[in-house]
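Undergrad: Residue strings, one per chain:
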Amino acid sequence: NAGVTQTPKFQVLKTGQSMTLQCAQDMNHEYMSWYRQDPGMGLRLIHYSVGAGITDQGEVPNGYNVSRSTTEDFPLRLLSAAPSQTSVYFCASSYSLAESYGYTFGSGTRLTVV
Amino acid sequence: TQLLEQSPQFLSIQEGENLTVYCNSSSVFSSLQWYRQEPGEGPVLLVTVVTGGEVKKLKRLTFQFGDARKDSSLHITAAQPGDTGLYLCAGKRTGFQKLVFGTGTRLLVSP
Chain A
1 NAGVTQTPKF QVLKTGQSMT LQCAQDMNHE YMSWYRQDPG MGLRLIHYSV GAGITDQGEV
61 PNGYNVSRST TEDFPLRLLS AAPSQTSVYF CASSYSLAES YGYTFGSGTR LTVV
Chain B
1 TQLLEQSPQF LSIQEGENLT VYCNSSSVFS SLQWYRQEPG EGPVLLVTVV TGGEVKKLKR
61 LTFQFGDARK DSSLHITAAQ PGDTGLYLCA GKRTGFQKLV FGTGTRLLVS P
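These protein sequence lines are chains A and B, in that order.
With this note's numbering, the residue at position 71 of the first sequence is 71, and numbering never jumps.
With this note's numbering, the residue at position 81 of the second sequence is 81, and numbering never jumps.
A couple of the hints might just be wrong.
What the hints assert, rightly or not - Rough simulated footprint, nothing fancy, chain A against chain B, three-plus residues with beta-carbon under 8 angstroms:
1. 43-57
2. 75-84
3. 99-111
Simulated from the structure, these hints should not be mistaken for lab results.
Glycine is no exception: its CB is placed at the ideal position from the N, C-alpha and C atoms.
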């Protein structure tokens with residue numbers, strides 16, 4: 001199994017450009033989420049989904065959109081990139097939200113907005 | 001305000017030494033998880049603890065969940081260079097679906 005696959009690995013955008021970060025999982029996990037990781041701030045939740053067709057906002061949702069049309073895919077869209085969105089983005093999935101289940105993370109997308 | 005505070009932030013030790021990393025909060029958590037992250041990769045789950053006072057061992061790593069379920073610790077015995085990485089604690093609060101992360105402890109084990 002591939003687990004959680006994120007593409008691209010690296011991306012440089014100009015301010016104002018838009019792009020989509022792709023995330024796919026092949027583990028039939030219902031729960032998927034997007035985090036950003038910044039130095040000294042840990043991982044912060046952007047958006048999450050508890051199943052196909054259902055999404056909700058996390059801690060830092062502004063400037064990002066998500067959709068969940070299938071169980072497998074959970075893309076993250078940057079509508080108009082800003083330098084403050086320079087970060088490393090991680091997609092994660094879990095079989096269940098029950099307490100004993102952990103998350104499987106992708107290897108991340110390093111985004112630089114200039 | 002960070003919900004989960006980890007200490008220390010950085011730790012540089014020699015191979016063979018023991019160490020403990022702490023994860024503290026003023027909130028009660030229904031479960032706590034520990035992850036290890038290596039450069040250029042995503043975090044990898046090490047363990048989940050769900051019962052107050054619970055202790056879990058994973059080879060040389062010992063994880064403990066506080067009795068009041070507000071804190072956790074990770075103890076590594078006889079550290080090895082392969083233990084080098086960023087250690088993250090993460091917790092789920094009762095009634096909340098989201099997993100919140102601590103800021104991490106960066107460990108460097110030198111030969």
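Undergrad: With reference to the structure, classify each hint as holding or not holding.
TA: Checked hints:
1. 43-57: holds (count 5)
2. 75-84: violated (count 0)
3. 99-111: holds (count 6)
In this structure, only the earlier hint numbered 2 is contradicted, and the remaining ones agree with it.
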